[in-house]
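We have chain G already, so just place chain F on it with the hints.
Residue numbers (our numbering), protein chains in the order written: chain G, 1 to 214; chain F, 1 to 214.
Hints listed in this document are in silico derivations from the structure and should not be mistaken for laboratory results. Any given hint might turn out to be false.
It does not matter which identical chain is meant; a pair holds if it fits inside one copy or across any two.
Calculated cross-link-like contacts (lysine to aspartate or glutamate; reagent style EDC-like; alpha-carbon spacing at most 20 Å) [stated by the list, open to error]:
| # | residue 1 | residue 2 |
| --- | --- | --- |
| 1 | K9 | D92 |
| 2 | K9 | D32 |
| 3 | K9 | D205 |
| 4 | K95 | E75 |
| 5 | K95 | D111 |
| 6 | K9 | D33 |
| 7 | K93 | D70 |
| 8 | K95 | E187 |
| 9 | K95 | D210 |
| 10 | K9 | E24 |
| 11 | K93 | E75 |
2 protein chains.
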Amino acid sequence: MGHTTPTAKALYDVIARRRDVRAEFTGAPVADDRLQRVLGAAHRAPSVGMSQPWDFVVVRDLTTRQAFRDHVSAERDAFAASLPPERRSTFDKIKVEGICESSMGVVVTHDQERGGTHVLGRHAIADTGLFSTVLAIQNLWLAATAEGLGVGWVSFYREPFLRGLLGIPEQVRPIAWLCLGTVSHLETVPDLERHGWRSRRPLADAIHHDTWRA
Amino acid sequence: MGHTTPTAKALYDVIARRRDVRAEFTGAPVADDRLQRVLGAAHRAPSVGMSQPWDFVVVRDLTTRQAFRDHVSAERDAFAASLPPERRSTFDKIKVEGICESSMGVVVTHDQERGGTHVLGRHAIADTGLFSTVLAIQNLWLAATAEGLGVGWVSFYREPFLRGLLGIPEQVRPIAWLCLGTVSHLETVPDLERHGWRSRRPLADAIHHDTWRA
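Excised from the complex, chain G in its bound form:
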């Protein structure tokens, strides 16, 4: 009971090595079978009522990626302008995306209409559909890490812009642009911790017993 199995050790190792990658992409191509395994892992995520509401748009086209990068760059500047001076000087050192340097973008989308009217388990909480798509992203992230690849989640964008750029229909919501690709290495300490943006919260603070501890 008290010790981990080799499988659990391997999983914990992947979870600990996983990083949100910005600067370490090399841009080398990713073999298709490797990409299929990574997307296949995402596709095996749990989903409410087995609705599997996700899709994956693999973006290799450089013109599309440049257009997205320009949009993100403007949003990044707007965030920087909102910061008090001392936060801003910390933020200015942090690279927020590797859109063009990565091997590809993987845009993960959510279709709330997938699965029809009666989605088992979505009756009381409409967001459980959306949650399913996010669970798939974590599978993808861990699989990429285990395959020696890097993933960087870009969230400095407006959803209507990305929908328009890729021709995503109105009822489908883009949830994430993931930069995916080969990397020189994975950092051992998260970028935001290394650059002094924020430090980690102790696990014990996050655990409560039977009722919420104020």
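Just chain F now, kept in the frame of chain G:
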């Protein structure tokens, strides 16, 4: 490039074995170091701006669990009543929760105020905070599977009820009640597929290249 490493194989094995457990809980206690590893894996999830907006309320108290089960049971009946007859007879065979049979509940919550006003990466999309908490749930689920434990996500409940039951403050949102515990075994085919509720979508249908394929 073309073949998987032992670490990737171990991860894919865990991803494939993971099930949404309802009927297989034995109720035997879980050793505390094992629980700590599972919650520690959740706590190592990525989070927007390193905000770590999640908390875990471990519910072992049986009176609390019985009250939650009674609430879920009423919500389950309301969903059943909304179904057309042929879907209803399929649904009636499906057990939707193991709240009292599992070793414990783990209620995962989300605090959108964690991390202060300027959360790096949440500027354009407020939901990225919520997404972080969901990523932690998938880490928890995979870790539990690797430890030989089962997890069942209960979503037939109203959030205000659960908030009241556990004394969760107003600004904190309960995201999931996870039944967690020892199991007799994990089914190899998901319950909803076994009972004919829904079948899986082929991976190829979920993959698009450069633009959305209608």
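The hints, checked one at a time:
1. K9 with D92: Neither way: K9 and D92 sit 37 Å apart in one copy and 39 Å across, limit 20 Å.
2. K9 with D32: Between copies only: 17 Å across, 28 Å inside.
3. K9 with D205: neither (24 Å within a copy, 34 Å between copies)
4. K95 with E75: within (13 Å within a copy, 47 Å between copies)
5. K95 with D111: neither (31 Å within a copy, 26 Å between copies)
6. K9 with D33: between (25 Å within a copy, 14 Å between copies)
7. K93 with D70: Only inside one copy: K93 and D70 sit 19 Å apart there, 53 Å across copies, limit 20 Å.
8. K95 with E187: Within one copy, since 14 Å is at most 20 Å while 44 Å is not.
9. K95 with D210: So K95 and D210 fail the 20 Å test inside a copy (41 Å) and across (25 Å) alike.
10. K9 with E24: Intra 26 Å, inter 25 Å, cutoff 20 Å: neither.
11. K93 with E75: Within one copy only: 16 Å inside, 50 Å across.
Checked against the numbered hints given earlier, the structure breaks hints 1, 3, 5, 9, 10 and satisfies all the rest.
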